[in-house]
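Student: Chain by chain, the residues:
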Amino acid sequence: MTEIFLTAGLLVTLFVLLGLGVWVGFALTLTGALGMLIFSNAPIGPIIATTLWGHSHSWALAALPLFILMGEILLRSRLSEHMFKGLAPWLGKVPGKLLHVNILGCAIFAAVSGSSAATAATIGKMSVPELRSRNYPMGLIIGTLAGSATLGLLIPPSIILIVYGVATEQSIARLFIAGVLPGLLLVSMFAIFIGIYGLVRPDLFPAEKQPYTFMEKLHGSKRLIPILLLIVGVIGSIYIGIASPTDAAAVGVILSLVLAWFNGALSKNMFFDALMGATKTSCMIAFILAGAGFLTVSMGFTGIPRNLAAWIDTLQLSQYALLAALTVFFIILGCFLDGISVVVLTTAIIMPMIEAAGIDPLWFGIYLVIVVEMSQITPPVGFNLFVIQGLVKENILQIAAAAFPFFLLLLVAVGVITIFPEIVTVLPSLMDAR
Amino acid sequence: MAAQSSWYWGIHMRRHLTKLYNVSGAFAAILIFAICLLVSVQVIANLITKLFGTNLALTIPSYADFSGYFLAASSFMALAYTFKHGGHIRVLLVRDTLNANLKNIVDRFVLFIAAVTASYMTYYMALLTLEAYEFGDQSFGIIAIPLFIPQFFVFLGLLIFSISIFDNFFSSIKSEEKTSDEQELS
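Chains as they are written, first to last, in this note's numbering: chain W, 236 to 669; chain X, -10 to 175.
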């Protein structure tokens, strides 16, 4: 009984620290230290030092700053312009028309960037003013952008999958490949949704004036070819196993520098900004990971995750019931915490429960990322909402309302991969078979 | 006179501290680019090996170890710079609803907690580094790298981080109306 009381106290401490505005890395470390103090006689200081060191120098983690740097360079390389000019000519006749530019543009940028906020900013910078000037309904412009930008988290390279992979000691290459089909599933669901919308309410969609000839379309898309090659190169080399994610990321950085140079966007300042931006983001994540690493070790001492797993086991829930409960829990948590914090808290506390329930940790990683994607577009803390607010200057609640259909589509996708887990596991298992 | 010299000292101190944060941040950035170059060169070497057969097998010895150590040194050396630029994530939802007075108190309390925690981490990281130095701990790769070298930068980064948080803490005590320059970032 006292144990339950102490466990609850520990959780309350964590949320009070977070609520006061203590930086996430410190809040995790302090909660871990308190847990060790209460539940064990282990030496706290030396264990903190060992985990800080142990969780920060892995080869796999080196992919993190490199993929962030690649995204930072590309978002400064006039990609958004090319994306609009390259995609728009093909889409004028499709039901849903140019709104598909948001969906496809985000999907393409997601495949070179691991961040959903960066995806929203890069694509939205060009598409929002263009679509607005053509009188597309604002709600749909915002909704498609907010929803599709969350793909930045799922479609490889994905920063959050690197975090999950490092924290749970899963292969990052396999996680990346596992994200490909669910990512494509979401892209098609979003596109079909907008397509149907276009068929049901054609009056909302302005007519596209100039028809393009086939050659004009090809000409407009020419500039997209390098970026598509970059995507195929990065993801392909990981899939066929000639490069680890870290190798692919390093080459990706060099190639994106070359691409930026060809676009005339490369300058000393631009490179400096990109490098410092990547240094900050990667430092922020590494610090949270170090704190989470210590919390995980501390939780091992307290036995809380084991007891939680045992308790869930006594409830005899089906996997579906457990996942349904977790989904609700994550959606609520995601309203207040950023995605990376949700992932590291999950891996520190409920991972043993997931394994005890017989859920594949590879599949769970993808599931978790889709749930975190939903949290990117729910108020009050949805980072995509803030980014889009910066672009369109509308009320945050209106933006959230516009994004809500896409929240539901993400929820449907969670259901689909739960019923058909093969969507996640088939590509990684083909990778192993070779 | 005394007030004037303390003002003078303060200006100097500020300049030195800002320089300290910027230099350590730049060092961290260089390390990240170094990882990128190191790994790219190795990938090219792998390609050459594939094309021309194994008699030309080129490897940068222990390149994975080096990348990992560069990463650790970079992540920690960038802590203070990232902190000063508001790059570390925190939840400001509750804090932002407080009135100005309460907000000030909470901010100082949070800075104090963070400064003490960072100092605690710094102290134990120093002990770990000293231990690695005394026992001569080395990596297991082709090149045996003494572990105290990368660990020293982890310690140094934590030390500068602690200084930067104390810096903010004392600044917030000194100026009543100073508002926090931190912001929530994704």
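Hints may be right or wrong, so weigh each one.
Computed Cβ-Cβ distance ranges for the label pairs, DEER-style [claimed, not checked]:
hint : chain 1 : residue 1 : chain 2 : residue 2 : range
1    : W       : P281      : X       : R4        : 49 to 55 Å
2    : W       : P656      : X       : F159      : 52 to 58 Å
3    : W       : G499      : X       : Y122      : 45 to 51 Å
4    : X       : Y122      : W       : N504      : 50 to 56 Å
These are calculated hints, taken from the structure and not from any lab test.
Think of the CB as a built atom: it goes at the ideal place given N, C-alpha and C, for glycine as much as any other residue.
Student: Which of the stated hints cannot be reconciled with the structure, identified by number in ascending sequence?
Tutor: 1 and 4
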